[in-house]
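**Student:** Residue numbers (numbering that gives the first Met the number 0), protein chains in the order written: chain P, 0 to 162; chain G, 0 to 150.
For the record, the hints were derived by calculation from the structure and aren't laboratory data. Possibly wrong hints are sitting among the right ones.
Below, simulated EDC-like cross-link-like pairs (lysine to aspartate or glutamate); rule was C-alpha separation at most 20 Å, straight line [as the list claims (entries may be wrong)]:
#1 P:K106 / G:E27
#2 G:K5 / G:E45
#3 G:K101 / P:D160
#4 G:K5 / P:E121
#5 G:K144 / P:E29
#6 P:K45 / P:E79
#7 P:K38 / P:D63
#8 P:K128 / P:D48
#9 G:K101 / P:E159
#10 G:K137 / P:E13
#11 P:K155 / G:E27
#12 P:K53 / G:E27
#13 P:K112 / P:E91
#14 P:K128 / P:D113
#15 G:K138 / P:E21
#16 G:K101 / G:E133
#17 G:K4 / G:E24
#18 P:K45 / P:E29
#19 P:K94 / P:D48
#20 P:K38 / G:D126
#21 P:K94 / P:E121
#22 G:K138 / P:D63
#23 P:K53 / G:E38
#24 G:K73 / G:E45
#25 P:K155 / G:E38
#26 P:K128 / P:D20
#27 G:K5 / P:D160
#28 G:K4 / P:D20
#29 P:K53 / G:E45
#30 G:K137 / G:D126
#31 P:K112 / P:E79
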Amino acid sequence: MIFVTAGNHFQGFERLLKEVDEIAPRIPHEIVIQKGYSKYVPHNTKYFDFVPLKAAMEYIQKSDLVVSHAGMGTIILCKEYGIPIIIFPRREKFKEHVNDHQMEIAKAIEERKDDHIYIVYEEDQLEVKIAEVLTRREKPVPGTNVRRVNLIITIKTFIEDHN
Amino acid sequence: MKKSKKIGLICSHGGHFTQLLEVREAFENCPTFLLTYKEVSTSNQENTYYIASIGRNPVAFFFGIIKIFFILLKERPTILFSTGSEIAIPLFYFGKLIFGAKLIYLESCAQIFRPSMTGKWVYPITDLFLVQWEPLLKKYGPKVKYVGGLI
Numbered sequence: 000m001i002f003v004t005a006g007n008h009f010q011g012f013e014r015l016l017k018e019v020d021e022i023a024p025r026i027p028h029e030i031v032i033q034k035g036y037s038k039y040v041p042h043n044t045k046y047f048d049f050v051p052l053k054a055a056m057e058y059i060q061k062s063d064l065v066v067s068h069a070g071m072g073t074i075i076l077c078k079e080y081g082i083p084i085i086i087f088p089r090r091e092k093f094k095e096h097v098n099d100h101q102m103e104i105a106k107a108i109e110e111r112k113d114d115h116i117y118i119v120y121e122e123d124q125l126e127v128k129i130a131e132v133l134t135r136r137e138k139p140v141p142g143t144n145v146r147r148v149n150l151i152i153t154i155k156t157f158i159e160d161h162n
Numbered sequence: 000m001k002k003s004k005k006i007g008l009i010c011s012h013g014g015h016f017t018q019l020l021e022v023r024e025a026f027e028n029c030p031t032f033l034l035t036y037k038e039v040s041t042s043n044q045e046n047t048y049y050i051a052s053i054g055r056n057p058v059a060f061f062f063g064i065i066k067i068f069f070i071l072l073k074e075r076p077t078i079l080f081s082t083g084s085e086i087a088i089p090l091f092y093f094g095k096l097i098f099g100a101k102l103i104y105l106e107s108c109a110q111i112f113r114p115s116m117t118g119k120w121v122y123p124i125t126d127l128f129l130v131q132w133e134p135l136l137k138k139y140g141p142k143v144k145y146v147g148g149l150i
């Protein structure tokens, strides 16, 4: 299954939905889209507007691949569960976001060269990238993120010191 | 006598909500309550107060902060923790100035080079202020800390 999410942002992300809907018949995987506030109605995929976070987490865990706007929640969860993700940032110029910080996120993540996190900047590149990721043999390993553990310890220590 | 511990966890929906759940382990030994926006994605959480988004218009903001005040009055948290966004601003100011709570703010990992609007508002009164990307260290004052991130 491929889970596609446009996140919770109040503006739509029509470019992502249209492109995925168009290439869906050529992809031999079931596609489920969380379309958020996007207006476009897909014809070739399953879709819904929103689900509770728990349900979205289950979709992500069951996926072979996630295709997402540059939303941090989804990126974090894919990394944690060991699911490959293609990030397609929302752009201000298309009125998909209020600024271009999703481009900043995409570039910063690209620089870190995380294996199994892929960035696509143009919608016409999505099909090739999806096909490439789905044929890749080696899968990401879910793992403990040391940086997350450090954060938790720091917060915990502060709480213990202040009560 | 020592005041008993209670931690208020505050966030809006979307990535802020996911990030809060990601660090929830840090609060596992304390009584907590959650305060977030009423959205499909945040539904079905235990021990949670839901309010309408206060970021939409001045009327929603006005009624939202009254509700927030009464929630604080009822819960009397000793510590407030937030991952943003704007919902943290009234909570942190009421929490600190009226209820004397200690404040912990975790800047979203979506902020890499520039501080968030919420971060700039709450930085002056926050006791533990954490960012998730090193370049942001230079953009806040001396008490900002980087110890790691969720990504």
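**Student:** Going through the numbered hints above, which ones does this structure break? Give me the numbers in ascending order.
**Tutor:** As far as the earlier hints go, 1, 4, 5, 6, 7, 8, 10, 13, 15, 16, 20, 22, 25, 28 are violated by this structure, in ascending order.
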